[in-house]
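Just so you know, the sequences run in chain order P and Y. Quick note on the working numbering: the first sequence kicks off at 167 and runs consecutively. Quick note on the working numbering: the second sequence kicks off at 80 and runs consecutively.
Some clues are possibly wrong.
What the hints assert, rightly or not - Calculated Cβ distances over 10 angstroms to all of chain Y for the following chain P residues:
no.: 1; residue: Leu217
no.: 2; residue: Val223
no.: 3; residue: Val224
no.: 4; residue: His225
no.: 5; residue: His233
no.: 6; residue: Asp237
no.: 7; residue: Ser239
no.: 8; residue: Asp271
no.: 9; residue: Pro281
no.: 10; residue: Gln293
no.: 11; residue: Met299
no.: 12; residue: Ala302
no.: 13; residue: Ala310
no.: 14; residue: Thr311
no.: 15; residue: Ser314
As the list claims (entries may be wrong) - What the simulated footprint calls covered on chain Y by chain P, stretch by stretch (three residues with Cβ under 8 angstroms from a Cβ of chain P suffice, anywhere in the stretch; the number is not a length):
no.: 16; segment: 92-105
no.: 17; segment: 126-132
Simulated from the structure, these hints should not be mistaken for lab results. Beta carbons: idealized from backbone N, C-alpha and C, even for Gly.
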Amino acid sequence: MTDDPERFEELVREHQAMVFSMACRYLRNRALAEEIAQDVFLQLYRKLPSLESQDHVVHWLRWVTAHRLIDHSRYEKRRPQSPLEDAPEPASADSMGSADPLLSDMLRDLVAALPENARLVMILRYQEDLDPMDIAQALDMPIATVKSHLHRSLSLLRDKLSRKKGVGL
Amino acid sequence: MNLDEELRAALRREDPSLGFAERVAAKAHSSPAPKAVMRFPRMMWAAAIAAVLVTGLTAMYEYRQMQAEHASRDAVIALRIAADKLNNARDKVSRREN
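Turn these sequences into a full structure, and let the hints steer you where they fit.
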């Protein structure tokens, strides 16, 4: 890949939503997500001459962002972890319809309360629309573990939501 | 409602604040060029290692050559001494016979 400055800015524009959204969904903090996304792109700038294609760039960005987020939660501990079972019950959704902004917000909170690996698996599955094989590659994780995280997280989300009258997903 | 669809809607991509790409690009271009910093020392290291190897191998070759020359010179001297002794012995024997 070229290290032409204008091409680099184009690349950032092209992939900023992917990197920023992964960080934002994971951290639930826009400012911190931008900071991490910026670091990831600066790392990309240094790495660019050795990346061979667009696909390679996308794969590299996903891999680096995921590991950056895991490192962040392990070493910086800015965001205290709490298991989903301990997360507060979502607000009543009696009046919520499909694709309701409140329901979306509730789902984002519940996903953000998942353990770190399960959270990343859910983000890659539903934000990036990756299949379990691609998620396993992106996170250096056995495919059986990915499937297990997906299954368990979806059960927990369903359980959490079904406790509230009117949200039967 | 379908949980998969709701999750896709909830976790859809969104953009960072306006001007993000410009800020990142400006920061990247203000940092030192990675290639110049990284590749030059690597080449220097390779050249230094190559020079040390060539010097070492040459010195070892020279040393072996010198040792071989010394050994052959010693062998010639030893042969000369042996030949002198044999000549002396032959002279003595022939003198007694006469």
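Going down the list of hints, with the structure as the test:
Annotated as non-interface, Leu217(P) keeps its C-beta farther than 10 angstroms from every C-beta of chain Y; the closest such distance is 13 angstroms. Look at Val223(P): its CB is around 14 angstroms from the nearest CB on chain Y, clear of 10 angstroms, so calling it non-interface holds up. Non-interface call for Val224(P) relative to chain Y: holds, since the shortest CB-CB distance, roughly 13 angstroms, exceeds 10 angstroms. With a cut of 10 angstroms on Cβ distances, His225(P) stays outside the contact zone with chain Y, its closest approach being about 17 angstroms.
Residue placement check: His233(P) keeps its beta carbon more than 10 angstroms from all beta carbons of chain Y (closest about 19 angstroms). Look at Asp237(P): its CB is around 20 angstroms from the nearest CB on chain Y, clear of 10 angstroms, so calling it non-interface holds up. The beta carbon of Ser239(P) sits about 18 angstroms from the closest Cβ of chain Y, which is more than 10 angstroms, so the claim that it is off the interface holds. With a least beta-carbon separation of about 8 angstroms from chain Y, Asp271(P) fails to lie farther than 10 angstroms from that chain, contradicting its non-interface assignment.
At the 10 angstroms boundary, the C-beta of Pro281(P) stays outside the reach of chain Y, the nearest C-beta of that chain being 17 angstroms off. Not every C-beta of chain Y lies more than 10 angstroms from that of Gln293(P), the closest at about 4 angstroms, which undercuts listing it as non-interface. At roughly 18 angstroms, the least C-beta separation between Met299(P) and chain Y is larger than 10 angstroms, which holds for a residue marked as non-interface. With a closest Cβ-Cβ approach of about 19 angstroms to chain Y, Ala302(P) is found to remain outside the 10 angstroms limit, as its non-interface label requires.
Under the 10 angstroms C-beta cut-off, the non-interface status given to Ala310(P) relative to chain Y holds; the minimum distance is some 21 angstroms. Separation of Thr311(P) from chain Y is adequate, the least Cβ-Cβ distance of about 20 angstroms exceeding the 10 angstroms criterion. Every C-beta of chain Y lies more than 10 angstroms from that of Ser314(P), the closest at about 17 angstroms, which supports listing it as non-interface. For a cut-off of 8 angstroms, the count of residues in the segment 92-105 of chain Y with a CB near a CB of chain P stands at 11, and the three-residue condition holds.
For the segment 126-132 of chain Y, the assignment as covered by chain P is violated, since 0 residues bring a beta-carbon within under 8 angstroms of that chain's beta-carbons and 3 are needed.
In this structure, the earlier hints numbered 8, 10, 17 are contradicted, and the remaining ones agree with it.
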